[in-house]
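Taking the hints into account, I'd like the entire structure generated from these sequences.
Each chain, letter by letter, is given below.
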Amino acid sequence: MKKKLWDPVFGGIVIGISIILTFYVAGRGLGASGALTAFAATIQNIVSPSVTQSSQYFSKYFANGANPLDDYLVYLVIGVMIGSFIAGMVSKDMKLEVLKGPNISSKGRLWYALAGGILVGYAARMARGCTSGQALVGGAELSVGAWAFMFSIFAGGFAVAYFIRRQWI
Amino acid sequence: MIGPLVKNGIISDGVNTLFAVLIGMLFGYALQRSGFTNSKKIAGAFYMKDVDVPVVMFTAIITASIGLWGLSLLGLIDLGKFYFLPSYLLPMVVGGLIFGVGMAMGGFCPGTSIAAMVTGKIDAMVFVGGFLLGSLLFGDLYPLWDKFYNSGANGVWRIDQLLNVNVGLAILLVTLLAVFGSLGMRKLQYKFWGKND
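Top line first, the protein sequences correspond to chains A and B.
The numbering of the first sequence is our numbering, which starts it at 300 and goes up by one.
The numbering of the second sequence is our numbering, which starts it at 80 and goes up by one.
There may be inaccurate statements among the hints.
As the list claims (entries may be wrong) - Residues of chain A placed beyond 10 Å of chain B at every Cβ, according to the derived structure:
| hint | residue |
| --- | --- |
| 1 | 348 |
| 2 | 404 |
| 3 | 433 |
As the list claims (entries may be wrong) - For lysine-lysine, the following DSS-like pairs were computed, each having C-alpha atoms within a straight-line distance of at most 30 Å:
| hint | chain 1 | residue 1 | chain 2 | residue 2 |
| --- | --- | --- | --- | --- |
| 4 | A | 406 | B | 119 |
| 5 | A | 391 | B | 119 |
| 6 | B | 119 | A | 301 |
| 7 | A | 302 | B | 266 |
| 8 | B | 86 | A | 359 |
| 9 | B | 274 | A | 301 |
| 10 | A | 394 | B | 119 |
| 11 | A | 302 | A | 394 |
| 12 | B | 119 | A | 302 |
| 13 | B | 119 | B | 274 |
| 14 | A | 303 | B | 274 |
| 15 | A | 301 | B | 270 |
| 16 | B | 274 | A | 302 |
| 17 | A | 394 | B | 274 |
| 18 | B | 128 | A | 302 |
| 19 | B | 128 | A | 406 |
| 20 | B | 270 | A | 303 |
| 21 | B | 160 | A | 359 |
| 22 | A | 301 | A | 391 |
| 23 | B | 226 | B | 119 |
| 24 | B | 270 | B | 128 |
| 25 | A | 303 | B | 266 |
| 26 | A | 394 | B | 128 |
| 27 | A | 302 | A | 359 |
| 28 | B | 270 | A | 302 |
| 29 | A | 359 | B | 226 |
| 30 | A | 391 | B | 128 |
The hints are simulated quantities; they were obtained by calculation from the structure and are not laboratory data.
Where is the CB? At the ideal position from N, CA and C, for every residue including glycine.
Here it is in structure tokens:
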């Protein structure tokens, strides 16, 4: 039996406290997308260094022998994986599965997941961050751009929700 | 001990890295216990079927905002040593719209997909694969959107500056928006869908 979820207000307070802690200790916010992009750039640099070196965007990741994986956000994301794994174990929610609505096949759901991942990967770079690093941290900093980003996320999601409802409801 | 600890020389870079892992663990634990490793729950926000995602987001933002401001009023942190995120209004709006479409389709955002991947959610693993491709697409074809990406650089631009009010009042306004936004969305959820699954 899975354990009951936290109350969302309690969950929000704990996440808010983790943001306060990164500022108190490191003087900066947290984030998730930066680590994933660093990982993508590193793989590409191994598979095809010439593409990475000729990329105006990624070449600076490796300038002067820098290692993009030696980054604050990468260590933070390693922690996220450990923390979520522990939470999954203690709450007995640890199972290989595809979550989806009743009206779509698992294969169909995975195509949506891939397409959604590509769009989010692109958009997180365009917006200089994601829901955590830009919307939550920027939102707490009262950043105008971050609040505009957050409302745009909900606008984009609501706009497309009807057309993909087969996947979820 | 006045923060930020590492910038004030109170802790070393190595200890800061250790704290990064520990804080990440707290964040990951909270994401999983809030149900954010479940793509159905996240996508439910876009149908007003389960509004926990925006409620958690609003709560996290005002907790952090009030906490940081309060700690600085108490003299426990030095805001001058913070890294503040710059605003690029138009790229952030366009990025947000695409992000929202992708989040409704994929059922995850980056942090939640990482948290879900390690608890065995196969859709999250595929989403992460897509994310890696999408960010490579952005970076490798960067000259195509270079100009747009750097357009409208507004620097550090805060709501208190936009409204020309003091920081305390801006935080109060944001808090009211978060509280009434959360209550309003919950009301809509109960009206159309009832309680969470």
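Structure-based check of each hint:
{"no.": "1", "hint": "348", "verdict": "holds (13 Å)"}
{"no.": "2", "hint": "404", "verdict": "holds (12 Å)"}
{"no.": "3", "hint": "433", "verdict": "violated (7 Å)"}
{"no.": "4", "hint": "A:406 x B:119", "verdict": "holds (16 Å)"}
{"no.": "5", "hint": "A:391 x B:119", "verdict": "holds (18 Å)"}
{"no.": "6", "hint": "B:119 x A:301", "verdict": "holds (16 Å)"}
{"no.": "7", "hint": "A:302 x B:266", "verdict": "holds (26 Å)"}
{"no.": "8", "hint": "B:86 x A:359", "verdict": "holds (25 Å)"}
{"no.": "9", "hint": "B:274 x A:301", "verdict": "holds (18 Å)"}
{"no.": "10", "hint": "A:394 x B:119", "verdict": "holds (16 Å)"}
{"no.": "11", "hint": "A:302 x A:394", "verdict": "holds (14 Å)"}
{"no.": "12", "hint": "B:119 x A:302", "verdict": "holds (17 Å)"}
{"no.": "13", "hint": "B:119 x B:274", "verdict": "holds (15 Å)"}
{"no.": "14", "hint": "A:303 x B:274", "verdict": "holds (14 Å)"}
{"no.": "15", "hint": "A:301 x B:270", "verdict": "holds (27 Å)"}
{"no.": "16", "hint": "B:274 x A:302", "verdict": "holds (18 Å)"}
{"no.": "17", "hint": "A:394 x B:274", "verdict": "holds (25 Å)"}
{"no.": "18", "hint": "B:128 x A:302", "verdict": "holds (21 Å)"}
{"no.": "19", "hint": "B:128 x A:406", "verdict": "holds (24 Å)"}
{"no.": "20", "hint": "B:270 x A:303", "verdict": "holds (23 Å)"}
{"no.": "21", "hint": "B:160 x A:359", "verdict": "holds (25 Å)"}
{"no.": "22", "hint": "A:301 x A:391", "verdict": "holds (5 Å)"}
{"no.": "23", "hint": "B:226 x B:119", "verdict": "violated (37 Å)"}
{"no.": "24", "hint": "B:270 x B:128", "verdict": "holds (10 Å)"}
{"no.": "25", "hint": "A:303 x B:266", "verdict": "holds (22 Å)"}
{"no.": "26", "hint": "A:394 x B:128", "verdict": "holds (24 Å)"}
{"no.": "27", "hint": "A:302 x A:359", "verdict": "violated (45 Å)"}
{"no.": "28", "hint": "B:270 x A:302", "verdict": "holds (27 Å)"}
{"no.": "29", "hint": "A:359 x B:226", "verdict": "holds (18 Å)"}
{"no.": "30", "hint": "A:391 x B:128", "verdict": "holds (25 Å)"}
The structure is inconsistent with the numbered hints 3, 23, 27, although it conforms to all the rest.
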